[in-house]
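Undergrad: Work out the full structure: start from the sequences and follow the hints.
Residue strings, one per chain:
Protein chains: 2
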Amino acid sequence: MHCIIMAGGAGTRFWPASRRHIPKQLLDITGRGPMVVETCRRLAPLARDEELTLVISREHEEETRRLFPGRGVQIVSEPVGRNTAPCIGLGALYAEHAGAKGAIAFLPADHFIFNTGAFLRALGQAASLAESGTIVTLGIVPNRPDTGYGYIRRDQENIDAEETPAYRVSAFVEKPDLATAKHYLTQGDYLWNAGIFVATPEVILSEIKIHLPDLHKGLERLKSSIHTSDFEREIEVVYGQIASVSFDYGIMEKTKYPLMVVPCECGWSDVGSWASLYDLRREEQDERGNLSEGDSLLIDCEGSFVSSGSGKFVACLGLKNCLVVDTPDALLVADLDKSQEVRKITEALKNTKREKLL
Amino acid sequence: MHCIIMAGGAGTRFWPASRRHIPKQLLDITGRGPMVVETCRRLAPLARDEELTLVISREHEEETRRLFPGRGVQIVSEPVGRNTAPCIGLGALYAEHAGAKGAIAFLPADHFIFNTGAFLRALGQAASLAESGTIVTLGIVPNRPDTGYGYIRRDQENIDAEETPAYRVSAFVEKPDLATAKHYLTQGDYLWNAGIFVATPEVILSEIKIHLPDLHKGLERLKSSIHTSDFEREIEVVYGQIASVSFDYGIMEKTKYPLMVVPCECGWSDVGSWASLYDLRREEQDERGNLSEGDSLLIDCEGSFVSSGSGKFVACLGLKNCLVVDTPDALLVADLDKSQEVRKITEALKNTKREKLL
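Protein chains in written order, with the numbering used here: chain A, 164 to 521; chain B, 164 to 521.
These are calculated hints, taken from the structure and not from any lab test. Some clues are possibly wrong.
It does not matter which identical chain is meant; a pair holds if it fits inside one copy or across any two.
Taking lysine to any residue and the SDA-like style, the derived pairs with C-alpha atoms no more than 25 Å apart in a straight line are [unchecked claim]:
| hint | residue 1 | residue 2 |
| --- | --- | --- |
| 1 | 483 | 236 |
| 2 | 483 | 438 |
| 3 | 417 | 369 |
| 4 | 507 | 448 |
| 5 | 345 | 443 |
| 6 | 516 | 456 |
| 7 | 513 | 480 |
TA: Shown next, in the form of structure tokens:
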């Protein structure tokens, strides 16, 4: 099965560990290795290296190639980010060119999945459904009223009764407020949108042709130069012309195909903030809920996450719900509950032209 | 007026800024220069450089001399710390040897005083009283029920009616609990013991002869070698033999002299913790009570003290009452209200033999 790993994210949420030149997907923040490498490893039972295509940002090419030495994984660089629709179209083009048979999977490079078996089963089921000619998403079964995720509302009727359940998608809904999220959880027919989906390259490219014709023209132009010396110049031109648009907005919301969703309980997290990383690493926490890495000493602390990535000795005294991340040139100390606001810092750095720290 | 500056403290309370080799009195933590230099500067209207004697620990000699280039300040090194009684005896010996006339003052090197004028007036008044032959302490008029200071209880009767008030000391009392401290504050006859006092060298040395005869013998032995090449060897021998004892315990509590106290309202602080330093630098705080030094950015923080002494960029987000002190090899993050417990960290470092960080 061919898999397209979308690894173009800029990843400012894990500042100061993540930077422009080394975003989240290239970092080992979970303790399991760099996230993009872990994403590929997770797919190994389904896809050989030659069936994996990483779509990345050109500025990360050197660093990404370093993570896959001597491997057949295909790495495609976008000269600039144009959101997910061009990235997915490019991935479909590459898979088609590589002679991919049947449905292919599109997956973000920077998610955490606890139960790989459950995840791969859902992905395999989605692939079977997608081969009949539609787009099939994975829907994560929620275990809490999370306000940080978009939701997928499903129909009632199970359309794949012989296997595990699968449903028609009745709506994609934006991040809800807490009351709405609680309602979704009790309703039982709402799933988290993990941005993971399966379709054949033909379906993807034909949908792009209908709904994003300019992008389709660009992809047609690129088609003949894949794996030639012209490609880099061509993609530069094409990406200079195409619009920035998300696959959700550009295709998913407009498609006439009957979208489907396969529910999945696999301990998934998009690891969207330091706090969510702290949560998913619960097993590594001490009895007072502290998670510490590197040369650190915690006295009378609770619920805190302390990471010394600079080799420096970090001493913490009497902290509660505190986040400390030390790197060689920047230190972050934050209320762990405010860690999703770390962008306020990167924005301030941008505004004061402190590029080196970004 | 001859002044003895007691600068032998080890100063672990300001870890990681203070270390064994550079204790608090050698640091510029108040923004007014190294504390020992500021202590000398404050005394300038009363004492010429030649009338200032610093009693320090030998391991700090190089660093201390560096702070007084080309100046006539006398620097005397103790080979090991033996608490305050030997330090004060040694200071008295030096003052006597230098031909000091009348009373001399003994002062810690690491205190903060806001109102130098009020302080010097009280010191001058204490000197006049001491010349009649007793020990006169300064008593700081308390403005809050502080549980971190020892107190001096004074008699009711003003014994120096022609000048500003002065009283007989009726008792020295240990650090009280909060209820007791509140009671002291309303009573009105309790003053903070700042460890600052005035007496003639004769009174000091004769009291030592009576109450600490072994120390007196040691000082007699040293007397003839002051300013000779033998001194270093002699003081090594003497300090190897004498007991470690505080002046309060060894002399003050036992003297037959009628101890006196001059009340002083001078904005004094012993700067005993990061929290007390934060308090006394109130004027430098922003409108949300944050005090920051070095390359730092505070977003949505309040009541926090952030010091980047390493040149590193320090970003803080959503902190409350937090202390962040970054140095090149160690970082402290603490609840500011727990900063007096920083010894827990230095003790842990001692126990794990991490000498370089002490």
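Undergrad: Hint by hint, note whether the structure agrees.
TA: Hints, one by one, checked against the model:
Within a single copy, residue 483 and residue 236 get their C-alpha atoms no closer than 43 Å, and across copies no closer than 47 Å, so neither meets the 25 Å cut-off. Proximity of residue 483 and residue 438 under a CA criterion of 25 Å is satisfied in both settings, with 13 Å inside one chain copy and 18 Å between copies. Taking CA atoms no more than 25 Å apart as the test, residue 417 paired with residue 369 passes inside one copy only; the shortest distance there is 13 Å, against 99 Å between copies. Proximity of residue 507 to residue 448 under the C-alpha cut-off of 25 Å is restricted to the inter-copy arrangement: shortest distance 22 Å between copies versus 28 Å within a copy.
Taking identical chains as interchangeable, the C-alpha atoms of residue 345 and residue 443 lie at most 25 Å apart only when both belong to the same chain, with a minimum of 21 Å there against 48 Å between chains. When the C-alpha separation of residue 516 and residue 456 is checked against a cutoff of 25 Å, the pair qualifies only between copies, where the shortest distance is 20 Å, while the shortest distance within a copy is 31 Å. In this homomeric assembly, residue 513 and residue 480 come within 25 Å of each other (Cα to Cα) only across copies, at 17 Å, whereas the closest approach inside a single copy is 32 Å.
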